[in-house]
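**Student:** This is what each chain is made of:
2 protein chains.
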Amino acid sequence: MPTPEESYEKLLEFQRTTSVLNSCTSVLRWDRETYLPLSGASHRAEQLALLSGISHERSTNQRIDEWLSECESSKLFSEPHSVSNTNIREWRKNYDKNVKIPGKLVEEITHTISMGHKSWIESRNKSDYSIFLPWLTKIIALKRHYAELLVTDNKSIYDTLLDDYEPGESAENISQVFSQLRDELMPVIDKIVTSAHQPNLDILHKNYSIEKQKLFGEDAAKTIGFNFDAGRLDTVVHPFCTGLGPHDTRITTRWDSNNIASAFFGIMHETGHAIYDQNLPSGHWGSPAGSSVSLGIHESQSRLWENIIARDKPFWNCFYPKLQRIFSKNLSNIPLEDFLHAINYVKRSHIRVEADEITYTLHIILRFEIEQLLITGKLNPIDLPEFWNKRFKELFDLDVPDDANGCLQDVHWSYGSFGYFPAYALGNLYAAQFYDNFKKKHPDVDDEYNNGNFMPLLNWLIENIHSKGMCCTAPELIKHVTDEPLNHLYLIKSLKNKFYPLYNI
Amino acid sequence: MPTPEESYEKLLEFQRTTSVLNSCTSVLRWDRETYLPLSGASHRAEQLALLSGISHERSTNQRIDEWLSECESSKLFSEPHSVSNTNIREWRKNYDKNVKIPGKLVEEITHTISMGHKSWIESRNKSDYSIFLPWLTKIIALKRHYAELLVTDNKSIYDTLLDDYEPGESAENISQVFSQLRDELMPVIDKIVTSAHQPNLDILHKNYSIEKQKLFGEDAAKTIGFNFDAGRLDTVVHPFCTGLGPHDTRITTRWDSNNIASAFFGIMHETGHAIYDQNLPSGHWGSPAGSSVSLGIHESQSRLWENIIARDKPFWNCFYPKLQRIFSKNLSNIPLEDFLHAINYVKRSHIRVEADEITYTLHIILRFEIEQLLITGKLNPIDLPEFWNKRFKELFDLDVPDDANGCLQDVHWSYGSFGYFPAYALGNLYAAQFYDNFKKKHPDVDDEYNNGNFMPLLNWLIENIHSKGMCCTAPELIKHVTDEPLNHLYLIKSLKNKFYPLYNI
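Listed in order, the protein sequences are those of chains A and B. 505 is the number that this note's numbering gives the last residue of the first sequence; the numbers go up by one with no jumps. 505 is the number that this note's numbering gives the last residue of the second sequence; the numbers go up by one with no jumps.
Bear in mind the hints are in silico, worked out from the structure with no lab data behind them. The structure presented is a predicted model; accordingly, all values stated were derived computationally and were not measured. Treat the hints with care, as some may be off.
Note that identical chains are pooled: a pair holds if it fits in a single copy or bridges any two copies.
[Claimed, not checked] Subject to a maximum C-alpha distance of 30 Å in a straight line, what follows is the list of computed DSS-like cross-link-like pairs (lysine-lysine):
hint	residue 1	residue 2
1	Lys496	Lys440
2	Lys222	Lys440
3	Lys440	Lys390
4	Lys206	Lys479
5	Lys329	Lys212
6	Lys104	Lys10
7	Lys496	Lys329
Isolated chain A (complex conformation) (with noise of 0.2 Å):
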């Protein structure tokens, strides 16, 4: 009979090994994204196939199992936030679930959203619903049927889908928060869109070379802690941060030599999630003890940096005169601030991915709504175009052209992804409570800043909140390191203070 220690040393190589394949995968389609050519699609999706074919055979193995159980009932388990408490409990509830779902569903659900993806594209490019629709409901009887089984707790079928993205938050604590932020929100964005006030925008869309715009980039990149000896930058359709190893982080950006902002905010939000990667514990990757709390809890790193820091006049008393200076012919008569005020222009739009810092979490509530409604059945997807286009009426105080400009516009329920959406919104929130309590820890931080030293802010992060792993919920590591529950009042106080002034409100 093996020893609970020696058991939980069994697991943490067998599950290390299972880290190790998965991050083989994660190369294979980092090039995929990257690199792959043409033609080599094909070969690259049986490829992918076939590890993620051996991974969830190791993840079911039974000998998991065993070893939990010998682990569960002893110490090793009985100090909560331990490292092998969060190991054990994670492990645990991952090889539950990988058990509860028979490979058969799996198999189906893949095949569903891979033929319903292509369905998606060809349906937004067309900007015809009903291509998609008879997908879309298959998808999410699907995943409602995967909810079914996972169901624990008498957890609602969202709250057990929130669960793969947010373990710890549940859809009553969000609609909460979301709706009293919504309610605040709304009145701000007013008072911003009908500022006399409005930003010449002509500054940003001038000739950029996209060389130079790579040069700026990566500096401000490696000055605010990316790593690019354990990290690099690619060019992508759709920009993402991956990580590939314990010392290997990639981000990636698209460019757009007419657009100063776009790659450049790009590349700091892939900074930022890169930065918690790369200050995880790396001792402990591969287990849950070194991984990210929560999707909520990585977005609000990238935000933080991206939105926070890197759209605020600290950091642009740092990097500007650089900008100028690359830039001269665009900028040497552009002041500071007229730029930092076209970098932060508000305005109420159809699009998420191209919405500013302030609308974007209103596109989330009406995602986050919408996806409970159809999820429960509440909502026949067939009514989706009509439902939403009248909601987003009532946020947006805009009418929806067409679908693509709608209900069809994320990839997200394309790929059975309910319950994702929320962690946007999310990120926006921790981000701003996180940062008003290092604030009053470091009342004179911007002077840091302005001389491009981002060193106080990076070590509080890395150590109140990369360095902690899975050690935690996301609701209890915000209640951990800011002494109260998630609160809506930090993002509203947040925005209020740097928009204001640059709209003369």
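Take the given structure of chain A and dock chain B to it, following the hints.
**Tutor:** Below, chain B alone, put in the same frame as chain A:
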């Protein structure tokens, strides 16, 4: 009891899956050489070890033996060179090899090579042979042991190792061809290097923008047949070509802004490999019938395009005007004849990888002689430098200044790759013999090259070599295609035809 056909289908699927797995390894290896961040190296080694462990386990699965036995007594195996015969023959050979080598020995070789390779790097950097000597001794002992376990049919130890690279060849046969070749080459080299008419090399070493080199190189690669929809070109330190799947073949090069020739001929060389890879029968991908014949035949394809085609006049009748347009400042006043002379400069020198087309073969002959002596114990590794220097003097009439420019220059032995070197010279020999045969059937093809049409040659290679997969050995293929066994006279003839006029001989 399954039928032979059922067993064959099982084998096809099982072995193809192993090939898909190995192709994942190829992606990870390609990324390691091209884009892997510095700190990612140790995790990448772990990923590669995991995948090759899984692959090795599959390749020694006892079911392979059972399935093969079913097939071997059936009509699937009765017709030599048929697809099923080829597959069964090669699967059997590989399986028997794999099960004969204990996992412990594989691990020991892998570990020793990894350490030995590091010691070789240090040894070469310091030009201090004593650092590498103990590792070389150990590597030789392990490779001997490896070969002893594999020996069949009274083969020699060296021939057993050679079989990993050149199945069907023997040291005896190669020695005979190489010694005839050497005896004829040495006076040819003497005539060329003592000719009064020597090229002006300055024209190659002006400032050549890498960006423009890349465009020109890609255009040439595409023109001779590289399919960029199923492949790409990237930058590395040590150029190579690799297949990552049936429609994903990647070539690499290194750039020198002060040399128009080095990257370009590197690209032509790797394109030759790639064209072979891209035209193997993709329906048989993942099985021997869809694989290349041998290293030597692969090398014949790279050397044919690099040396016979891309260093000769008809090719440049088409491309030189383009090159002059792109680099008009450097080349507009340089006649084609001068350029051709410069790219065919011949010089006795110490380093194999920098050698010209003619003296290169002598470098290989030296290594082929020495590695046989080392592996059979007739040359003690401690005496390697002295022996190398003496033999080098005889072949090249040059003194070796230090071991970094002598016996420490090549990576191969540090990797345990004994039996690999002959492929390079065999490639030159095969290429000349194939091409001579092609020219007999297409005497006016130079006119096509003048107009940038390389399809006649490409199609001939596809029909006679690429599309055949591994259905015969290299000696069988050369006999089948050219109606005679390997004959050194074709290479001598090809070299004299090109070089003598260039050097007024």
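**Student:** Now tell me, hint by hint, if it's right for this structure.
**Tutor:** A quick look at each hint next to the structure:
1. Lys496 / Lys440: Within one copy, since 18 Å is at most 30 Å while 83 Å is not.
2. Lys222 / Lys440: Cα proximity of Lys222 and Lys440: one copy only (26 Å, versus 61 Å across).
3. Lys440 / Lys390: Close neither inside one copy (42 Å) nor across copies (77 Å); limit 30 Å.
4. Lys206 / Lys479: The answer is neither: 45 Å in one copy and 65 Å across copies each exceed 30 Å.
5. Lys329 / Lys212: both (13 Å within a copy, 27 Å between copies)
6. Lys104 / Lys10: Close inside one copy (29 Å) and across copies (22 Å); limit 30 Å.
7. Lys496 / Lys329: neither (33 Å within a copy, 60 Å between copies)
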